[in-house]
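Since the structure of chain W is already known, use the hints to place chain P on it.
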Amino acid sequence: DAMVIQNPRYQVTQFGKPVTLSCSQTLNHNVMYWYQQKSSQAPKLLFHYYDKDFNNEADTPDNFQSRRPNTSFCFLDIRSPGLGDAAMYLCAARLGQGTTEAFFGQGTRLTVV
Amino acid sequence: TQLLEQSPQFLSIQEGENLTVYCNSSSVFSSLQWYRQEPGEGPVLLVTVVTGGEVKKLKRLTFQFGDARKDSSLHITAAQPGDTGLYLCAGARGPGTASKLTFGTGTRLQVTL
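Chains W and P are the protein sequences, given in the same order. Just so we're aligned, residue 6 is where the first sequence starts under our numbering, counting upward by one. Just so we're aligned, residue 1313 is where the second sequence starts under our numbering, counting upward by one.
Hints are computed from structural coordinates only; laboratory data are not their basis. Being a predicted model, the structure only gives us computed values, none of them experimental.
Derived pair list, reagent style BS3-like, types lysine-lysine, alpha-carbon separation capped at 25 angstroms:
(1) P/Lys1382 <-> W/Lys49
(2) W/Lys43 <-> P/Lys1412
(3) P/Lys1412 <-> W/Lys57
(4) P/Lys1368 <-> P/Lys1382
(5) P/Lys1412 <-> P/Lys1368
(6) P/Lys1412 <-> W/Lys49
(7) P/Lys1382 <-> P/Lys1369
(8) P/Lys1412 <-> P/Lys1382
(9) W/Lys49 <-> W/Lys22
(10) W/Lys43 <-> W/Lys22
If you anchor each label on the Cβ, the simulated ranges turn out as follows:
(11) W/Asn61 <-> P/Val1340: 17 to 27 angstroms
(12) W/Asn12 <-> P/Glu1350: 13 to 23 angstroms
(13) W/Glu62 <-> P/Gln1392: 29 to 39 angstroms
(14) P/Val1367 <-> W/Glu106: 16 to 26 angstroms
Ideal placement from N, C-alpha and C gives every residue a C-beta, glycine not left out.
So here's chain W without its partners, still in its complex pose (with noise of 0.2 angstroms):
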């Protein structure tokens, strides 16, 4: 059974519409992170939480905003996407507390029309 689960696989959106892409994991762990995968490219971290503690990557944009209302659920807000944030984004759960295999969920593939 898949631990880590993002909704939706694919999405396509307006170019500057705001979207939410959603994940959610059965692990509780504490740590969730956001990577943004471009084709081709090795997935760049955005930001993660240990708990409710954020911590944002210096050179993510503004454009991208997250919340984690709960230990299972993480969102990743889009404010206003532009043809450069067609991307996969990946988003993975890991214990924290010493261990660090983190486990991702098959992601979920952005297009901006």
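Just chain P now, with coordinates in the frame of chain W:
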């Protein structure tokens, strides 16, 4: 600045050949993980190495963590078409809330019959 550099970037080999992928950094990591990612899917964890000099084997895959915990290698013996994919190393730095998981630049492997 990319903390983890992988080489080679691309590798196309025939079934039965051996290969080695390298993951190098100037930074020390508390642990290092290797993932394999197939198109349209999230990365799947292969192994975690924690101790400097550690060697782990997973069937035909051998992983080694450098003595100084700055680099790692993945060796595949007798490659098979099923080994095709994007191989990613990822380093974890810092404990607890400071622990970020940063990916390497990736190595795309294609194994042909």
